[in-house]
Amino acid sequence: MFLRQREPLSFERSVPGKRGMDLPKPDVPAARDTRPAHLKRSGFAALPELSEVEVIRHFTRLSKWNYGVDDGIYPLGSCTMKHNPRLNEKVAGLPGFTDSHPMAPDALVQGNLELVYTLQEWLKEITGLPGVTLQPSAGAAGELTGVMLIRAYHVSRGAKRRVILIPDSGHGTNPATAAMAGYEVVELPSLPDGTIAFDDVTDPASGKTRKGLRTLVAELGPEIAGAMITNPNTVGVFEYRFKEVSDLLHSVDALVYMDGANMNALVGVARPGDFGVDVMHLNLHKTFSTPHGGGGPGAGPVCCAERLMPFLPVPVVVRDTVKVGEGEVPRHTYRWDWDRPQSIGKVHTFYGNFGILVRAMTYCLSHGSDGLKAATLRAIVNANYIRVRLKGAYSLHIDSPSLHEVVFSDTLQAKHDVHTLDIAKRLIDHGYHPPTIYFPLIVPGALMIEPTESEGKDELDAFCDTMLQIAKEAEESPDLLHQAPVLAPLRRLDETTAARKPVLRWTKA
Amino acid sequence: MRYLPSSPVEDQALLDAIGVPAAESLLAGIPEALRLGRELDLPLGGSEQEVAWQMMGLANRNMRFCAQFLGAGAYDHFVPSAIDALISRQEWFTAYTPYQPEISQGTLQHIFEYQTLICDLTGLEVTNASLYDGGTACVEAALMAVRVAKKRSTVLVSRGLHPMYREVLKTNFAPHDDLHLVEVGLKDGVTDLADLAAKLNGDVAAVLVGYPNFLGAVEDLTALAGPIHAAGALLVSVTQEAFAFGWFEAPGKAGADMACGEAMSLGNKPNFGGPFLGFLAVKDAHKREIPGRVVGQTKDLEGRTGYVLTLTAREQHIRRDKATSNICSNQGLVALRANIFMHLAGPAGLTGLAELNAAKAQHLRERLLELPDLEPAFDQPFFNEFVLRYQGDYAALEAACLKESLLPGLDLGRFYPEYQGCILWCATELHTRQMIESLVEILARVPVLAEEV
Chain Y
9 MFLRQREPLS FERSVPGKRG MDLPKPDVPA ARDTRPAHLK RSGFAALPEL
59 SEVEVIRHFT RLSKWNYGVD DGIYPLGSCT MKHNPRLNEK VAGLPGFTDS
109 HPMAPDALVQ GNLELVYTLQ EWLKEITGLP GVTLQPSAGA AGELTGVMLI
159 RAYHVSRGAK RRVILIPDSG HGTNPATAAM AGYEVVELPS LPDGTIAFDD
209 VTDPASGKTR KGLRTLVAEL GPEIAGAMIT NPNTVGVFEY RFKEVSDLLH
259 SVDALVYMDG ANMNALVGVA RPGDFGVDVM HLNLHKTFST PHGGGGPGAG
309 PVCCAERLMP FLPVPVVVRD TVKVGEGEVP RHTYRWDWDR PQSIGKVHTF
359 YGNFGILVRA MTYCLSHGSD GLKAATLRAI VNANYIRVRL KGAYSLHIDS
409 PSLHEVVFSD TLQAKHDVHT LDIAKRLIDH GYHPPTIYFP LIVPGALMIE
459 PTESEGKDEL DAFCDTMLQI AKEAEESPDL LHQAPVLAPL RRLDETTAAR
509 KPVLRWTKA
Chain R
3 MRYLPSSPVE DQALLDAIGV PAAESLLAGI PEALRLGREL DLPLGGSEQE
53 VAWQMMGLAN RNMRFCAQFL GAGAYDHFVP SAIDALISRQ EWFTAYTPYQ
103 PEISQGTLQH IFEYQTLICD LTGLEVTNAS LYDGGTACVE AALMAVRVAK
153 KRSTVLVSRG LHPMYREVLK TNFAPHDDLH LVEVGLKDGV TDLADLAAKL
203 NGDVAAVLVG YPNFLGAVED LTALAGPIHA AGALLVSVTQ EAFAFGWFEA
253 PGKAGADMAC GEAMSLGNKP NFGGPFLGFL AVKDAHKREI PGRVVGQTKD
303 LEGRTGYVLT LTAREQHIRR DKATSNICSN QGLVALRANI FMHLAGPAGL
353 TGLAELNAAK AQHLRERLLE LPDLEPAFDQ PFFNEFVLRY QGDYAALEAA
403 CLKESLLPGL DLGRFYPEYQ GCILWCATEL HTRQMIESLV EILARVPVLA
453 EEV
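Each protein sequence line maps, in turn, to chains Y and R. Here the first sequence stands for residues 9 to 517, numbered as in the numbering used here. Here the second sequence stands for residues 3 to 455, numbered as in the numbering used here.
It is possible that part of the hints are untrue.
[As the list claims (entries may be wrong)] The calculated lysine-lysine pairs, modelled on DSSO-like cross-linking and capped at a C-alpha distance of 27 Å, are: (1) K189(R) - K509(Y); (2) K172(R) - K509(Y); (3) K152(R) - K255(R); (4) K172(R) - K289(R); (5) K301(R) - K255(R); (6) K152(R) - K405(R); (7) K509(Y) - K324(R); (8) K509(Y) - K405(R); (9) K255(R) - K516(Y); (10) K48(Y) - K189(R); (11) K509(Y) - K301(R); (12) K72(Y) - K26(Y); (13) K285(R) - K509(Y); (14) K172(R) - K189(R); (15) K219(Y) - K168(Y); (16) K98(Y) - K381(Y); (17) K255(R) - K48(Y); (18) K168(Y) - K153(R); (19) K301(R) - K72(Y); (20) K301(R) - K516(Y); (21) K423(Y) - K381(Y); (22) K153(R) - K324(R); (23) K301(R) - K168(Y); (24) K153(R) - K285(R); (25) K289(R) - K152(R); (26) K324(R) - K216(Y); (27) K516(Y) - K172(R); (28) K516(Y) - K152(R); (29) K399(Y) - K480(Y); (30) K255(R) - K168(Y); (31) K153(R) - K189(R); (32) K405(R) - K219(Y); (33) K132(Y) - K216(Y); (34) K289(R) - K301(R); (35) K331(Y) - K405(R); (36) K172(R) - K48(Y); (37) K465(Y) - K251(Y); (38) K465(Y) - K381(Y); (39) K152(R) - K168(Y).
Worth flagging that the hints you see were computed from the coordinates, not collected in a lab. No experiment lies behind these values; they were computed from the predicted model shown.
Here chain Y stands alone, though its shape is the one from the complex (with noise of 0.2 Å):
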């Protein structure tokens, strides 16, 4: 990492006749020119022009100034960055995948078809409910395609109704889904642990009081479609009254959303179907391994009880069973089937991230049963390891175990005028990613680290020694943190400037 200090803006480095590109001989007619005159290309003003050495070795250098999950570990909480297999990408790159087209004939496509049914078989099994859709391209559109469910299962029976109650622990995506499927949002407040308040919580400092989750059931009753909860939360801790949860919700024919972000935690160990889940979506990027490519893509399949299926997006793979002769091994075969009249539609273009569905396939098949729970205790071995470790030197939100992520606060430096933002800046300088910040709301100051399973003992004690140093550090030497990064290619941005005079893009000075 770190090599440069700079690499210009591409733009700055073009030199007009230079080519990265050398095309085919053209063995046709040139092509006539039909267009009108005011529909021709009239030129371009910024497409720069490189060999392709320089083009290859501006993006080498750029990707130097990145942290990868292979520098090292990546303890962004609630984010599963985990290790990235190398066959994974081998096996999305095989021509059989990447060169089919997604509307040649289902029995052109049987390998692809038969590679969404399994997975989805795998992941029925995984969450414990029967209806799969693997389209959603990230968690995100996996949350707006299951509030659309239930929204769907509402009018089917009368009344879309009006309110989804979201944890003030949840992540911000939740209350924008679900006003983006129209519905209105309703905090619903949490306890310390980040786990739902059944009873009104009244404020020690402003006296005010919030209604919980039995008060607001009683009010809104049958105008609340359903509820978006993150288990386990957002503070690590599973939510350990969820059967109640749910059947209180349930009692008014509200639905329960799982938001499956931090299913790292229960995967081979705790099913979502079986503790009162109607639908939930999975991170593929984060559970199933599959890169977080500097932002996407990824995945978001949705799952959900059998109450829901009719209204999943079309189309759906089906397996049809060929007969065949007697004491032989029956064959399949596998379509999209598109007549599904109560569906919500369509919620991708075609289907969904299918690179992303191959990569998670390959990891299921990688880990197995046996694997995917060894992952799931390894993750939660690692989490507590940190919280051993760090405890007494960084303040703890909860003491008790945690499950695959640990959150502490910047309490006691704060102390010193030293506050979680320093503490990540500073670990920049110690060659690491910082873990999340300031997430979740409910805990002032936070840091969220999920170390993952795919840490071992040594990078554990490596982080954890760094951690301790910040932390001595910030006793003795505050300046350092508030200093920090000096080390990393730049030093701390003016975003302020960057949001109230926004450059967006290059133009030529």
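Using the hints provided, position chain R relative to the given structure of chain Y.
Okay, now just chain R, sitting in the frame of chain Y:
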């Protein structure tokens, strides 16, 4: 399990430090009754070799073709080798969203360059770090237009828009009882101006038209912009084949207020429909309503130029239910492929590729029209796709082509009953004269070939 850094000695050391006898002890927070009291009913894990063979088996169960004459929103183009080589660097493909700018300048500067080039292609001023795909980009464009237009609640959608984009729009508009999607019909393969005029009124926020449309025909954005702007609505161009930007004028310069669509063609393979690359470009005046991640240029403490995620006040982690969208990611790596592709192609490459695509498609059309049972469905300027009416039986044609490992064009009647018996053909730089001749030769013998199947 080869991915887990686990050994009996180290595992025990971790448990001892935590102070529990076994990893299962840490599950105490999950009530016993809610736990899975058994192992998952799934096969055991496989070695790399076993899994590789199993996955290759699946890939091999898909039919391979000598040539695909099918486009329809997923285009097969040549992908330069440099793209896969660069993408396989772990710094690119394993990194997270660039929340910590000091340690993510690679991703951030790349997105800034990508944004610059999408603006260049579309002739507009502001874009984001990308959206999921063409269909969801249309949704984001339509919802954004409603926000920008204020107090207008109708979005007109040309029937020439990709049928799947229209389906995705319908799904996403369904929850909003106060918003309306209205279809505008086609005439001679392009948006019917009379029908458009009849449906334009003071409640219309935006009109979405294909550029070129699903039938391959180019819509005259300049002619459409007149009545649409007069009605106070926004013109949104939807491009499903980004190579067309090398042939037709940038939508922003031809009269569009917003441009969205699908840019998978830039450096990606059809991949059974995903991951693809949605884009949305808008005018500067509308920048604070754009959904999704946006990267901006700024300075660090020492005055050096750097890049950050910006305009975050629009986004879900700040605005929650008041955000411009729930999207909190982008198609990162696919956008990077497109960015590298555009860098390699440069202006000469994009223009040259566009000319090649137009030439191949024109040649294919001319050769097909020499056959007795194919005739034009309409006559409009096109890029690399066009529609011909077929007098024969599509199923027989398809069977004959597949027998020779050619994937024919799309049976348009599947999506447009009024174009029953028509076929949407596509040719790109990948189609040689020889492939085109093979297709023509097969089509000339369809009944004979199909019967042999």
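We went through each hint and held it up to the structure:
Taking the CA atoms of K189(R) and K509(Y), the gap is about 45 Å. The hint is violated against a cut of 27 Å. Between K172(R) and K509(Y) the alpha-carbon distance is near 36 Å, which puts this suggested pair outside the 27 Å criterion. In summary, the hint linking K152(R) to K255(R) is supported, as the alpha carbons are separated by about 25 Å, within the 27 Å threshold. Distance hint between K172(R) and K289(R) is fulfilled; the C-alpha atoms sit about 25 Å from each other, no more than 27 Å.
Proposed proximity of K301(R) and K255(R) is contradicted: the alpha carbons are some 32 Å apart, above 27 Å. For a cut-off of 27 Å, the pair hint linking K152(R) to K405(R) is broken: about 55 Å separates their Cα positions. At roughly 23 Å between alpha-carbon atoms, K509(Y) and K324(R) fall within 27 Å of each other, so this suggested pair holds. A distance of roughly 60 Å separates the Cα atoms of K509(Y) and K405(R); the hinted pair therefore is violated under the 27 Å criterion.
Between the alpha carbons of K255(R) and K516(Y) the distance comes to roughly 18 Å, so the proposed pair stays at or under 27 Å and holds. As the CA atoms of K48(Y) and K189(R) are separated by approximately 23 Å, the hinted pair is consistent with the 27 Å bound. Annotation: proposed proximity of K509(Y) to K301(R) holds, straight-line Cα distance about 12 Å (limit 27 Å). A hinted pair counts as satisfied when its Cα atoms are at most 27 Å apart, and K72(Y) with K26(Y) qualifies at roughly 25 Å.
For the proposed pair K285(R) and K509(Y), the alpha carbon gap of about 16 Å is at most 27 Å, so the pair holds. Proximity of K172(R) to K189(R) is assessed by CA-CA distance (about 23 Å); at most 27 Å being required, the pair is judged to hold. The suggested pairing of K219(Y) with K168(Y) holds, with an alpha-carbon distance near 23 Å, which does not exceed 27 Å. Between K98(Y) and K381(Y) the alpha-carbon distance is near 25 Å, which keeps this suggested pair within the 27 Å criterion.
Restraint check for K255(R) and K48(Y): satisfied, since their Cα atoms lie roughly 11 Å apart, inside the 27 Å limit. Between K168(Y) and K153(R), the direct Cα distance comes to roughly 24 Å. Compliance with the 27 Å bound is thereby established for this hinted pair. Of the pairs offered as hints, the one joining K301(R) and K72(Y) holds, with about 20 Å between alpha carbons and a cut-off of 27 Å not exceeded. Among the hinted pairs, K301(R) with K516(Y) is consistent with the structure: their alpha-carbon atoms are about 19 Å apart, no more than 27 Å.
Proximity of K423(Y) to K381(Y) is assessed by CA-CA distance (about 42 Å); at most 27 Å being required, the pair is judged violated. The straight-line distance between the Cα atoms of K153(R) and K324(R) is roughly 17 Å, inside the 27 Å bound, and the hint therefore holds. Distance check on the hinted pair: K301(R) and K168(Y) sit about 49 Å apart at the alpha-carbon level, beyond 27 Å; violated. For the given pair, K153(R) sits about 20 Å from K285(R) by alpha-carbon distance, which is consistent with the 27 Å threshold.
Distance check on the hinted pair: K289(R) and K152(R) sit about 15 Å apart at the alpha-carbon level, within 27 Å; holds. For the given pair, K324(R) sits about 24 Å from K216(Y) by alpha-carbon distance, which is consistent with the 27 Å threshold. Of the pairs offered as hints, the one joining K516(Y) and K172(R) is violated, with about 41 Å between alpha carbons and a cut-off of 27 Å exceeded. Restraint check for K516(Y) and K152(R): the C-alpha separation of about 34 Å exceeds 27 Å, so the hint is violated.
Restraint check for K399(Y) and K480(Y): the C-alpha separation of about 14 Å stays at or below 27 Å, so the hint holds. Only pairs whose Cα atoms come within 27 Å are accepted, and K255(R) paired with K168(Y) is rejected, the gap being roughly 43 Å. With a C-alpha separation of about 31 Å, the suggested pairing of K153(R) with K189(R) is violated against the 27 Å cut-off. Annotation: proposed proximity of K405(R) to K219(Y) is violated, straight-line Cα distance about 67 Å (limit 27 Å).
Note on K132(Y) and K216(Y): the hinted pairing is violated, with a Cα-Cα distance of about 43 Å set against a maximum of 27 Å. At most 27 Å may separate the alpha-carbon atoms for a hinted pair to count; K289(R) and K301(R) meet this at roughly 21 Å. Between K331(Y) and K405(R), the direct Cα distance comes to roughly 25 Å. Compliance with the 27 Å bound is thereby established for this hinted pair. Proposed proximity of K172(R) and K48(Y) is contradicted: the alpha carbons are some 33 Å apart, above 27 Å.
Distance check on the hinted pair: K465(Y) and K251(Y) sit about 36 Å apart at the alpha-carbon level, beyond 27 Å; violated. Between K465(Y) and K381(Y), the direct Cα distance comes to roughly 19 Å. Compliance with the 27 Å bound is thereby established for this hinted pair. Proposed proximity of K152(R) and K168(Y) is supported: the alpha carbons are some 25 Å apart, at most 27 Å.
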